[in-house]
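Sequence order for the protein chains is F and E.
The opening residue of the first sequence carries number 1 in our numbering; numbering runs sequentially from there.
The opening residue of the second sequence carries number 1 in our numbering; numbering runs sequentially from there.
Honestly, the hints are just simulated from the structure, not real lab data.
C-beta atoms are modelled at their ideal positions from N, C-alpha and C, and glycine is treated no differently.
It is possible that some hints are incorrect.
Said to hold, decoys possible - Keeping only pairs whose Cα atoms sit at most 25 Å apart, straight-line, the calculated SDA-like set for lysine to any residue is:
id, chain 1, residue 1, chain 2, residue 2
1, F, Lys378, E, Ile256
2, F, Lys194, E, Asp267
3, E, Lys251, F, Lys440
4, E, Lys251, F, Ala330
5, E, Lys277, F, Asp154
6, F, Lys440, F, Arg212
7, E, Lys251, F, Ile148
8, E, Lys118, E, Val90
Said to hold, decoys possible - Computed beta-carbon distance windows for the label pairs:
id, chain 1, residue 1, chain 2, residue 2, range
9, E, Val40, F, Asp104, 55 to 63 Å
10, F, Leu460, E, Thr140, 43 to 51 Å
11, F, Asn453, E, Asn139, 48 to 56 Å
What the hints assert, rightly or not - Some chain E residues near chain F, calculated using beta-carbon distances under 8 Å:
id, residue
12, Leu125
13, Ser126
14, Ser215
15, Gly217
16, Thr218
17, Met225
18, Met247
19, Gln250
20, Ile256
21, Met272
22, Asp273
23, Tyr280
24, Leu283
25, Met285
26, Ala288
27, Pro289
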Amino acid sequence: MKSHLLPDFIVERIEDRCNRCGVCVKQCPWGVYSWNDDKTDILIDYTKCVGCQRCVVYCPNNALIVKPYYGSYRPNAYWTKDIISDIKKQAEQGGVLLVGTGSDRPYKVYFDHILLNASQVTNPSIDPLREPMELRTFLGRKPDQLEIEIRDDDIEIKTELYPNLVVETPILFAGMSYGAISKNAFLALAMASKEFGTLFCTGEGGLPKDMREEYGPVAIVQCASGRFGVDPEYLNCAAAIEIKIGQGAKPGIGGHLPGEKVTAEISATRMIPEGTDALSPAPHHDIYSIEDLSMLIYALKEATNYEKPVFVKIAAVHNVAAIASGIVRAGADVIVIDGFRGGTGASPKVMRDHVGIPIEMAIAAVDQRLREEGIRHKCSIIASGGIRCSADVVKAIALGADAVYIGTAALIALGCTMCQKCYTGKCAWGICTQDPNLAKRLNPKEGAKRLVNLLRAWSLEIKDMLGGMGINAIESLRGNREHLRGIGLEEWELRVLGIKGAGE
Amino acid sequence: MIKPRDDKDFQACGLFGVMDRSGERFNGKMVVEAMKNMHVRGNGLGGGFAVYGLYPEYKDYYCLHVMIQDWNEDAKREVDKFLDANFDIVHDEEIPTNEDANVVNPPLFWRYFVYPQKKGDDKRLSDDDYVIKKVMYINTKIKDAYVISSGKNMGVFKGVGFPEDIAEFFMIEKYKGYIWTAHSRFPTNTPGWWGGAHPFCILDWTVVHNGEISSYGTNKRYLEMFGYYCTLQTDTEVMAYAFDLLMRRQKLPIEIVAKILAPPMWDIIDHMDEKRKKLYTTLRMVYAPLLINGPWTVIVAHHGEMFGLTDRIRLRPITAGEKGDLLFLSSEESAIRAVCPNLDRVWTPHGGEPVIGRINEKALKKVVE
Chain F
1 MKSHLLPDFI
11 VERIEDRCNR
21 CGVCVKQCPW
31 GVYSWNDDKT
41 DILIDYTKCV
51 GCQRCVVYCP
61 NNALIVKPYY
71 GSYRPNAYWT
81 KDIISDIKKQ
91 AEQGGVLLVG
101 TGSDRPYKVY
111 FDHILLNASQ
121 VTNPSIDPLR
131 EPMELRTFLG
141 RKPDQLEIEI
151 RDDDIEIKTE
161 LYPNLVVETP
171 ILFAGMSYGA
181 ISKNAFLALA
191 MASKEFGTLF
201 CTGEGGLPKD
211 MREEYGPVAI
221 VQCASGRFGV
231 DPEYLNCAAA
241 IEIKIGQGAK
251 PGIGGHLPGE
261 KVTAEISATR
271 MIPEGTDALS
281 PAPHHDIYSI
291 EDLSMLIYAL
301 KEATNYEKPV
311 FVKIAAVHNV
321 AAIASGIVRA
331 GADVIVIDGF
341 RGGTGASPKV
351 MRDHVGIPIE
361 MAIAAVDQRL
371 REEGIRHKCS
381 IIASGGIRCS
391 ADVVKAIALG
401 ADAVYIGTAA
411 LIALGCTMCQ
421 KCYTGKCAWG
431 ICTQDPNLAK
441 RLNPKEGAKR
451 LVNLLRAWSL
461 EIKDMLGGMG
471 INAIESLRGN
481 REHLRGIGLE
491 EWELRVLGIK
501 GAGE
Chain E
1 MIKPRDDKDF
11 QACGLFGVMD
21 RSGERFNGKM
31 VVEAMKNMHV
41 RGNGLGGGFA
51 VYGLYPEYKD
61 YYCLHVMIQD
71 WNEDAKREVD
81 KFLDANFDIV
91 HDEEIPTNED
101 ANVVNPPLFW
111 RYFVYPQKKG
121 DDKRLSDDDY
131 VIKKVMYINT
141 KIKDAYVISS
151 GKNMGVFKGV
161 GFPEDIAEFF
171 MIEKYKGYIW
181 TAHSRFPTNT
191 PGWWGGAHPF
201 CILDWTVVHN
211 GEISSYGTNK
221 RYLEMFGYYC
231 TLQTDTEVMA
241 YAFDLLMRRQ
251 KLPIEIVAKI
261 LAPPMWDIID
271 HMDEKRKKLY
281 TTLRMVYAPL
291 LINGPWTVIV
301 AHHGEMFGLT
311 DRIRLRPITA
321 GEKGDLLFLS
331 SEESAIRAVC
341 PNLDRVWTPH
351 GGEPVIGRIN
361 EKALKKVVE
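Build the full structure now, drawing on both the sequences and the hints.
If you want it as structure tokens, here you go:
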């Protein structure tokens, strides 16, 4: 069938710069570049280009420009080029449209409608270059109060404490499974977590045995609906266990790792036959209600001697506040809320773009609800899904989160350019692929360095923002909505976010 | 009369506290002199005093100082009716005032000495919790009526004006007590309201406070989980409730509470011996929402104890002084020196390090039993 689709990108070559070295042919996994028969010229088929910019960055002569294809249909505000292209694709293929990464739709970004406060006159700002500024964060259940016994000079805590995790910055790496991403990318996340003093989540693909001893203590191991790679040693080597109920990019559906990506090592890690599709069901088939979740939480706690906090990750959906309250009462120590901007390696486009609610609203609603019920201290909240910069971190924490997960931002640090083709397994940057030739493009040591740099940079910026507000410990920002003001928001939006408008 | 706006109240202030640790009562002259010395720390929009050991003749009864805004007769009648229904009123009278004092639009002040008459479900409450509940009712439900102090054998006198004007209005120098705390207010965004002046009081706990809390939202929302609703929108209210929760309800001593409200830096905790490290880490972990950030100083008092505390990095210092049984706490050393030039000792404590004055046990019996 002749395809009616227009190209997405166009490649321009600056001819007097190009010396036909052939780097672009080697770098492009999409087949845009090819040698002519006698290897005297490089041909360009830009219809195959996905805009990943790999060739542009690696062209030694800076001879390439990749830009969106500017030819289009008759302009139409309703039947846009995207809409027309999707219909044509489906008419040609008859299937669900797949995409990677979080939603790119122009929904309102609430983070960009919130402004931060700073001290003037009545309260001194604190200079992070000269004064200590503390970001250390504890994740887990806290008791209602401490009972302390004082005998002569000896002070003893009588209250029994729940296990808590310590991170040196309120930024953790979100669940991205080995299988969805390459071993090198996975390793880079683990190494960076260890070096910086934070944690990474394994996603649902297990933790390779050779990584358990060294990186188990900085891993949050996931137990998802497919139960891939879950064994007692996996649970016990980790810092914490995360039950994944849902994901912001595709609430209500499971995951799908195509058999082509299930290599020998992935097969061993996930404990499934090599080359078979790894399909995680939409629900956990042992959790059809909240009491079932509670049983799984306690089964995992039993299996790990009550030594590890249990996280429960859900997608931000309409009744997220009530659901979160149930999860706390079911015994979760940490709730992860994944907003509708959350990333994915593969999701049906219709789910990614139309299901869920913004993380800002979800965090505000959950935090408020748990406070009204007097149980906010019984769990920590991690905001996940679309955290783009340090200001987003600060805003999420001021709205009520304890910490954030970053996934997409971490991958961008590793090289990702958001081409949205993760589901093809052909990632030119060696991140979202199991092709050994592509995966080796990512050096885990260098990747870890980039991730550590990103964490350091954001942490420094967070300290600046805190200092400006006259705060020298991150806990004094948590749920502190007095330091937020809305701009360009309607009354109901301000109400849900629990913040005042600018100037109020 | 203008009431505070529905937004946060920023203020800077002058504080003073003096205690005779032997329990000996003395009149208010010294404290007024000290406050005069710090005149420029206020702007005339609020001053007040708390006195302990004030009513020895009624020391077994809760004393409610009630402010009736605009001399609203309905409010006064309603308060009378409400108190009569919920307490035995042993004695009540108008608090004497000096009409020649330099104050504008003073409300009516009345004091009631009462004994709880618990009925029905309320029987399960302790006397203290019962009194708090009834005080909250008056403050939130009876228009124009505010209970400004509610402890036994103590009282608060406060209003709009410089402390020396308020002292003159209430004729403070006639009263005697073994602890005096005082406050001069410099609000930056409210026109001044008699009820908004300090000290802030629940039961026999009083707080005078100077500073602006940058963690206000965090602290306020944590306290709400324990049933404290900050209606006055002042930082002081947050302080008072934090002390009430930790010290009265959770029974933690000030030495521990100081490390919750103004904890040491992680860098210091990390270098402590294992036992202390565990204690300090646990305190910070569990009570993180009660870290009070930003610049502040407080002087807190209740029967038998007065203490001063500053924020963790001492953005608003406090000075302490001692002379025999007398312990002084002040925003400025000069105010202490003005009333007691020959001090035995004078010092400025580190941030987060409480200065605690405790009455000796025998003397305490004398005042409270």
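Now for the hints, and whether the structure bears them out:
no., hint, result
1, F:Lys378 / E:Ile256, "22 Å, holds"
2, F:Lys194 / E:Asp267, "20 Å, holds"
3, E:Lys251 / F:Lys440, "60 Å, violated"
4, E:Lys251 / F:Ala330, "30 Å, violated"
5, E:Lys277 / F:Asp154, "14 Å, holds"
6, F:Lys440 / F:Arg212, "22 Å, holds"
7, E:Lys251 / F:Ile148, "9 Å, holds"
8, E:Lys118 / E:Val90, "16 Å, holds"
9, E:Val40 / F:Asp104: 55 to 63 Å, "59 Å, holds"
10, F:Leu460 / E:Thr140: 43 to 51 Å, "45 Å, holds"
11, F:Asn453 / E:Asn139: 48 to 56 Å, "54 Å, holds"
12, Leu125, "19 Å, violated"
13, Ser126, "17 Å, violated"
14, Ser215, "3 Å, holds"
15, Gly217, "4 Å, holds"
16, Thr218, "4 Å, holds"
17, Met225, "5 Å, holds"
18, Met247, "12 Å, violated"
19, Gln250, "5 Å, holds"
20, Ile256, "6 Å, holds"
21, Met272, "13 Å, violated"
22, Asp273, "12 Å, violated"
23, Tyr280, "10 Å, violated"
24, Leu283, "7 Å, holds"
25, Met285, "5 Å, holds"
26, Ala288, "4 Å, holds"
27, Pro289, "7 Å, holds"
Violated hints, in rising order: 3, 4, 12, 13, 18, 21, 22, 23; the structure is consistent with all others.
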